[in-house]
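Based on the provided sequences and hints, a complete structural model is requested.
This is what each chain is made of:
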Amino acid sequence: MNLLELNFVSKKFGGFTAVDNVSLKINRGDIRFIIGPNGAGKSTLFKMIIGVHNLNSGQVLFNNQNIEKLSLNERINLGIGVKFQAPSVFSELTVKENLILAIKSKFNDEIFSFLEKFGLEKDQDVLAGDLSHGKKQWLDIALSTISRPELVFLDEPTAGLSFEETKKTGKIIQDLNGEGVTFVIVEHNMEILKQIAKSVSVLHLGKLFFEGSPKEVLSNKEVTNIYLGIL
Amino acid sequence: MLKKDNIFTISVFIVLLIIPILFDDFYINNISYFMIWTFISLGLALIWGMGGILSFGQTAFFGLAGYSFAIISINFSDIYAVGIWSPILALAITAIFGAIVGYFLFYGGIYDVFIGIVTLAITLVLETFMAQTAGPEWTVGNARLNGFNGMQGMPPIGIKIGEYKFDLQGIGQYYFIVFLAMFLLWLLYKIKKSNFGLILLASKEDRTRVESLGHNVKKIQMITFSLSALLAGVSGILYTNWGGYITPSSMGLIASAMPVIWVAASGKNDFFSVFFGCILLVYISQTLAVNGAQYAIILMGLILVIVTRYFPEGIILMLKKLLTNKFLSKK
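Taken in order, these protein sequences are the chains called L and B. The opening residue of the first sequence carries number 0 in numbering that gives the first Met the number 0; numbering runs sequentially from there. The opening residue of the second sequence carries number 0 in numbering that gives the first Met the number 0; numbering runs sequentially from there.
Don't read these hints as lab results, they were simulated from the structure. All residues carry an ideal CB built from backbone N, CA and C; glycine is no exception. Treat each hint with caution, since some may be false.
To be verified - Computed footprint of chain B on chain L, listed as stretches where at least three residues anywhere in the stretch have a Cβ under 8 Å from a Cβ of chain B:
#1 64–72
#2 75–89
#3 99–105
Said to hold, decoys possible - Under 7 Å between C-beta atoms, here's a sample of chain B residues computed to sit facing chain L:
#4 Leu-197
#5 Ala-201
#6 Arg-208
#7 Gly-213
Stated by the list, open to error - Here are some chain B residues the structure puts well away from chain L; computed CB gaps all over 12 Å:
#8 Ile-13
#9 Gly-115
#10 Leu-123
#11 Ile-296
Right, dumping it as structure tokens:
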């Protein structure tokens, strides 16, 4: 069953078409990677789905409900989690206060288990602004997932992380996916794609260029070419 | 458990509670006057210090509450307990007006410096309007608005029960203000520690991220704006009650700049610092005003420049932290 469905969505900025008639279907339980070279429209598509950018045309269905008219917070309350490209934790609040801010009251007992899951249990009283870059990324992912949304969007969750940190991030995402959370991940990092992706969509010049399994995408010569800038 | 920085708050309130034992009515009335301004400052600390939204027009709510109280209490002076319900009604009017202004600001997508400009424009429009109401045609029921000279002759806050009559004046007024300040400081600290407070603090850093966690930031900001208007209204009503008058100049440019200076100079991120700093700065202003009001205004401007340049956190808050570290921290 489709958890998320995009039908012919487009977005223009002035005369520039950033996203051009893209249609996507995300199944429940999927870990979908959206990849493409810089300027392919990945982040714009991500922001269109969550309501930061309005659509110029098309339709976004979540659980078969049209969510175009809903504000960002209303979409989130339907069961969507979001992590933006740059780590955006609240630096003047402690790690624990960040999580309290993000959690729905019925999950209040789970704060400590989440701190443990993300390796932040010793940092719970530390100001989020004082965390290392890697821990900020994990806290940011924790904020997006702590209320157990059905669907989570992560924009570059491994940006700036070391190989080991990337591995650990992949493991956390896989664990949450095993608990029933569906992920849509915008990424450049092919290591984590190989580690956890269940399906991949490739965007190029604002259009959907290719879809398939990680193996199909990685072995596709045209996909390799657009990453190398040949197409 | 008693927290370290609560020691300052408790010490100041103990001093405030024993002042009437040591000083005569003249000083008690003066200190009451200094404390009256703390409520508008606390309101600004709430919306600006916690919410990151600089309102330059808190005096609009101060004036609205003062005029509403005056108009209602003059018109219904024969009705029982008007001295109790008229200030409450005036506060309700002010909070609703604050919510309406807040709605148009936040749901209209007005942010940052534009909020300062819009709120300043509101208070200046109100001042200009009230200043031209000198003619006899400008009355609301029995209450003459009286133009630039302002309104007077309103009955004080209070109640008559049988033969016993209590008016909020003198020492009663003083203790009422002290206990009200204690209660509101406690309430503001509770708000700061609540989920509501966390959302407000976080929205100061990144509004979109807070929305992306499912919170309705615009609604929270509108409610906060209304609360800050209500606190400004408390000052407006107590001021009107204290002096028995309210004038348009209380909503003017200089008046609207003062709370911003008091809050910035004291330390906008800490309610106690704002409370204490406001009392000190109003005292300094008033002392200088005896020798000519312009000295006070020049000094306040100078304080703002120095604080912005050298003590952006606020002087009182900085001193409080220094004293806490020096005398109260564990060795």
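Comparing the hints with the structure gives:
1. 64–72: Contact hint for the stretch 64–72 of chain L vs chain B: holds, 3 residues under 8 Å.
2. 75–89: holds (count 6)
3. 99–105: holds (count 4)
4. Leu-197: Holds, about 5 Å.
5. Ala-201: holds, 4 Å
6. Arg-208: With a minimum Cβ separation of about 4 Å from chain L (threshold 7 Å), the hint on Arg-208/B holds.
7. Gly-213: Where the cut-off is 7 Å and the nearest Cβ of chain L is about 4 Å from Gly-213/B, the hint holds.
8. Ile-13: At roughly 31 Å from the nearest Cβ of chain L, Ile-13/B sits farther out than 12 Å, so the non-interface label holds.
9. Gly-115: holds, 22 Å
10. Leu-123: At about 33 Å from chain L, Leu-123/B clears the 12 Å cut-off, so the statement holds.
11. Ile-296: holds, 33 Å
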